[in-house]
Amino acid sequence: MGGNVIQNVAEGVNTTDAVNVGQLKNETRVSADGAFIKKDNTAAQKITALDNQVQANSESISSINDSITNLNGGVSNLSNQVSKLDNRLDRVGAGAAALAALHPQDFDPSAKWDFAAGYGNYKGANAVALGAFYRPTNDLMFSVGTSMGGGENMFNAGVSIKFGSSNEYSNYSKSALAEVVSNQDSTIENLNNRVAKQEQENQELRAQIQEILNQLASK
Numbered sequence: 003m004g005g006n007v008i009q010n011v012a013e014g015v016n017t018t019d020a021v022n023v024g025q026l027k028n029e030t031r032v033s034a035d036g037a038f039i040k041k042d043n044t045a046a047q048k049i050t051a052l053d054n055q056v057q058a059n060s061e062s063i064s065s066i067n068d069s070i071t072n073l074n075g076g077v078s079n080l081s082n083q084v085s086k087l088d089n090r091l092d093r094v095g096a097g098a099a100a101l102a103a104l105h106p107q108d109f110d111p112s113a114k115w116d117f118a119a120g121y122g123n124y125k126g127a128n129a130v131a132l133g134a135f136y137r138p139t140n141d142l143m144f145s146v147g148t149s150m151g152g153g154e155n156m157f158n159a160g161v162s163i164k165f166g167s168s169n170e171y172s173n174y175s176k177s178a179l180a181e182v183v184s185n186q187d188s189t190i191e192n193l194n195n196r197v198a199k200q201e202q203e204n205q206e207l208r209a210q211i212q213e214i215l216n217q218l219a220s221k
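Start counting the sequence shown at 3; every next residue gets the next number (my numbering).
Quick caveat, the hints were computed from the structure, so don't treat them as lab data. For clarity, every value in this text was computed on a predicted model and none was experimentally measured. Even for Gly, the Cβ is constructed at its ideal location relative to N, Cα and C. There could be a bad hint or two in this list.
[Claimed, not checked] In the DSS-like style, the derived pairs of lysine-lysine whose C-alpha atoms are separated by at most 27 Å in a straight line are:
| no. | residue 1 | residue 2 |
| --- | --- | --- |
| 1 | K114 | K176 |
| 2 | K114 | K164 |
| 3 | K86 | K125 |
[To be verified] Ranges of calculated distance between the beta carbons of each label pair, as one might list FRET restraints:
| no. | residue 1 | residue 2 | range |
| --- | --- | --- | --- |
| 4 | S168 | Y136 | 13 to 21 Å |
| 5 | T18 | D68 | 45 to 53 Å |
| 6 | E201 | A103 | 25 to 33 Å |
| 7 | D88 | D68 | 26 to 34 Å |
| 8 | A113 | V161 | 13 to 21 Å |
Please put together the full structure from these sequences, using the hints given.
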């Protein structure tokens, strides 16, 4: 058959029929050049180009999947960190509430030290606090406090100073003030007794004077 060309071959229909050039071109022809398939390329070249692109796409998708996996891991880690931070904030809130429950007593020069305990709760977290207050005078106070609970221990220290004029009884304790009032009541009672006695004596003197005047008038 050599260089002979078989012409006017009908289009094959069954799977075992021969195909003509027209059928073959219809199956493999590209109307215009694409990004990866060129119309002048052979079918094998087109398949190779597609195969290479599919492989490149697969590698890109695999890389994206890896990135998504890493991102999911990062998001999960971030969520864990946020959860831990929330728990710490709850414990810190409970500690602050416990410290806020510490209060000193009124000044007493005979008992200059005060001790206090407090409890705090915040969103399910609990804490206790202990505090001490030292007040050497009515105008000066030192304080320390600490809270414990959930590993978020807290500590504070402070000093309070009062400015301005004060009266002579500002550094008296309640018992001392009560004694002063009691003494004043006793003094007032004595003065009232003396006034009453003097009034009685005055009345007696007036009576005596009136009697003398009456006697003089009768002579």
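Right, here's what the structure says about each hint:
no., hint, verdict
1, K114 - K176, "holds (13 Å)"
2, K114 - K164, "holds (16 Å)"
3, K86 - K125, "holds (14 Å)"
4, S168 - Y136: 13 to 21 Å, "holds (19 Å)"
5, T18 - D68: 45 to 53 Å, "holds (48 Å)"
6, E201 - A103: 25 to 33 Å, "violated (59 Å)"
7, D88 - D68: 26 to 34 Å, "holds (30 Å)"
8, A113 - V161: 13 to 21 Å, "holds (19 Å)"
Violated hints amount to a single one, hint 6; each of the other numbered hints is respected by the structure.
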